[in-house]
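There are 2 protein chains.
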Amino acid sequence: MNVLGHITQRGRLRRGRLTRHNAPQPVPVYRHRKIPVYDLLGDAALTRIEDQADWILDTIGVEFRGDETALALFATAGARVDGARVRFEPGLARHLCTTAPAEFRLHSRDATNSVDLGGDNLVLMPGYGAPFVTDLDRGRRYGTLDDFRNFVKLAYMSPWLHHSGGTVVEPTDVAVNKRHLDMMLAHLTLSTKPFMGGVTSPGRAQDSTDMARLVFGAEFMDRNAVMQANINVNSPLVYDDTMSGALRVYAAANQCVCISPAIFAGAMGPLSPAAVAAQTLAEAMVGIALSQLVRPGCPAVFGSFHSSMNLKTGALTFGSPEANMTTMAMSQLGRRLGVPVRSGGGQVTASNAADGQAMQDSADAMWATLLSGGHQVWHAAGWLEGGLVMSYEKFVMDLDHCGAMLKMLQGFGVEDEDFGRDAYHEAGPGENFLSTGHTLRHYTTANFQPRIPEAGPYETWNENGAQTVDQRATARWQQMLAAYEPPDMQDNMRAALMEFVAERKAAMPDEWY
Amino acid sequence: MNVLGHITQRGRLRRGRLTRHNAPQPVPVYRHRKIPVYDLLGDAALTRIEDQADWILDTIGVEFRGDETALALFATAGARVDGARVRFEPGLARHLCTTAPAEFRLHSRDATNSVDLGGDNLVLMPGYGAPFVTDLDRGRRYGTLDDFRNFVKLAYMSPWLHHSGGTVVEPTDVAVNKRHLDMMLAHLTLSTKPFMGGVTSPGRAQDSTDMARLVFGAEFMDRNAVMQANINVNSPLVYDDTMSGALRVYAAANQCVCISPAIFAGAMGPLSPAAVAAQTLAEAMVGIALSQLVRPGCPAVFGSFHSSMNLKTGALTFGSPEANMTTMAMSQLGRRLGVPVRSGGGQVTASNAADGQAMQDSADAMWATLLSGGHQVWHAAGWLEGGLVMSYEKFVMDLDHCGAMLKMLQGFGVEDEDFGRDAYHEAGPGENFLSTGHTLRHYTTANFQPRIPEAGPYETWNENGAQTVDQRATARWQQMLAAYEPPDMQDNMRAALMEFVAERKAAMPDEWY
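In the order they appear, the protein sequences are chains R and W.
Throughout, our numbering is defined as the position within the first sequence, counted from one, plus 33.
Throughout, our numbering is defined as the position within the second sequence, counted from one, plus 33.
Just so you know, the hints here were simulated from the structure itself, not pulled from any lab data.
This one's a predicted model, so the numbers in the text were calculated from it and none came from an experiment.
The reader is advised that the hints may include incorrect statements.
To be verified - In silico EDC-like cross-links for lysine to aspartate or glutamate, where the CA-CA straight-line distance does not exceed 16 Å: (1) W:345 - R:487; (2) W:211 - W:243; (3) W:67 - R:72.
Using the sequences and the accompanying hints, generate a full structural model.
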């Protein structure tokens, strides 16, 4: 069958393959979930998990190491503090989370790029924290500030990512104590999508919020969230003072803290999905509670980073059925807590290449994340090797998949026009619908269109070098970077940011730890 | 972190990687769905789709070309017959389907391999109908009877496929009019899993049921289904006499007919998911109705083969969001019809290689199929190039994914032991759970274990040739074939089958069409 023939007969098709792929297309931006969420667990199972979280907090407790301020806040709130250990009566931690908003906005300096967290809103973001990058031209290597900037640009250009993420790659060519300055500068100048600030010390958190104030204004930021912080728990059941200190800086600034326990099942907690879900809930509730004790009403996200391991070989695994079920449970638990969910998952894999395993793991984890109702999806693009590597090729492959998943989350229509009755009067039994009016009215917009070129028929594909999809992806990210144009920014604002960075850099010697 | 170290310290781990991978493991066989189905659509949307199906059958109708018997049966049942065209008052076709059982068994000659269709039962099957095969050693080539036998053996050996399928590949080295005999012989002797018979003419259907009777007995088969037939509709809205003739042979024999409309959205029907779902329902109800007119109570499956196209290039696409939504809708429509669902989907892709696209498409389609409640999954293993090719490597990659999906469909426990409270008394905040008693009690069975070796750390993987997962899969299928042992069969039964095949082959000259 030759669809092309049918459609070109009516002159609807533009000439040539490259023209089509390069031509700017109006791309819809999907920000909302319009299909129902999937509930893996019933109320009884969820209640058992919540009871286990309460048991952990009451019997075992959580340690806040080296943070007397946090310990004092918890003591005042009624928790039992014993050295660094904090224990909570059943229900207390959950009660302390009640002032956290169920839905809130992360403001962009370009209002069209502001995002809402919670409810039916969807916020997809790139990978976070990889020390390495890879692409098929240059191979695997340490990430640099140039790479960091590239991924901020790519995220800015994609309609399928709503947020720039944070440490999209580690800029390893910049001193550790100065990286946050260059990263903030890139986020603020190269993109207008929401972003995350530094968390590797309370001082770097302070620098990050200070830089944001140069763009958004101190008064606006005191009332509105414009940035997020990734507060990782040192699971099991420990907050170190770096993380709890950074948490307090962001919460005091009324900026969003995302509390992410980090649990590999069997290593940082018991190996079962039920146990991981309960422990994640326990650890996250305590962090959210701290944010509310610092500043009631401060926006918080119930985060999670978890996965499974091959417990026979010790290898980390991603996208496994056990991890995906945990992800689905976490979305439900977060909704019951009433706090937006950054559910574990995203497009994650342990694979070393953007191969079949990588994309299968990623697809599996993404279905679990999105169908279960996760609000914010970290690691939605680029992640390889269990997060050690950001891959340029996988980044654009993941973008296509983000778009496809977002399209699915829109559902489909059942209005009269969707049924195309007129087409059956044009094309009866045994006839071809390609040239019916209904097909011609809708063929350019009906289907999601990936941006990596399709393989085409075997013979042509084989003659052209039998390129797998990752090989076809190289041209796509290069094309995107070549087409990048920075957003506008007032000269005095840019100058103030540059000056801030220069002054802070000059004020301290390079440190590499 | 070194999990291996933790566990080997207690001497629980077997020595060496290959030993582990080759050692026989007791593998659970998952036959039931234990988690809820996902309902994409609400009642109002489903009713609109059903109304559209009724409209199609009432206003446009379906043609039965060259099958006077079928036309007469429909006329007697109250349909309006006009030449080859059959039209149905709204509700009539659905009414004629009511005698089809909601759940039934396909019997194996080894009762442990019998499968149930409908309810919470899961039946996964290999790909169907590919004229080509490929593997990384020998490349892409026409399929042969040897390949056919290999895939029957591989399906027999896998715990993740419940059914051998039918024409798993086209044995192109056998005359077209004799293929069904060799395929039936392979299904009946090399495996004990349920299978499908020939449908390419009513006579070949008759041969297929006759051969099955040599194994199962005529009396048993008159009361019980032991085989299935793939009745493809010549969509849009046409049954040719080959298909309706074969349908009547199987229905008269009380064997299972699976009615599968075959619709590429925009070509064989309007391009929207709602329209494809409605037309599939209309076409399938008519076929199921015919089976019930031939023999009320005959087991039938509400099938579907559908996908989307890139309507700008004419390329077929698989695993697209539009196709996956259609798949999800079909599962719901089939449940409302009360007939087991072979939902479109499976592990399908248009990719020419078992690359990232192939596994992403396949994973996406499989989630849509299984989460929405499809009972029977065709094309769950091996499919490439839109069904033109069965890939040995993708077959075993898909097997691993079938296992992972089946494991997920079991859900997870929330009993006391699942929470591992004792582990928290052994390992407190900041400590490692790898050597807790809870981890050691469960680490060998907690997680699904793929059978293709994992990549391992980047450095080792790179030194060993940086093999992508498809490259690592070659050894796996070769190992499975080397380990294959045929099931027992009585000598006289085998002899009777051989004799039947020899006599039928001798009775007709080779035909290649």
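Problem - Hints not upheld, ascending by number - result: Violated hints: none; all satisfied.
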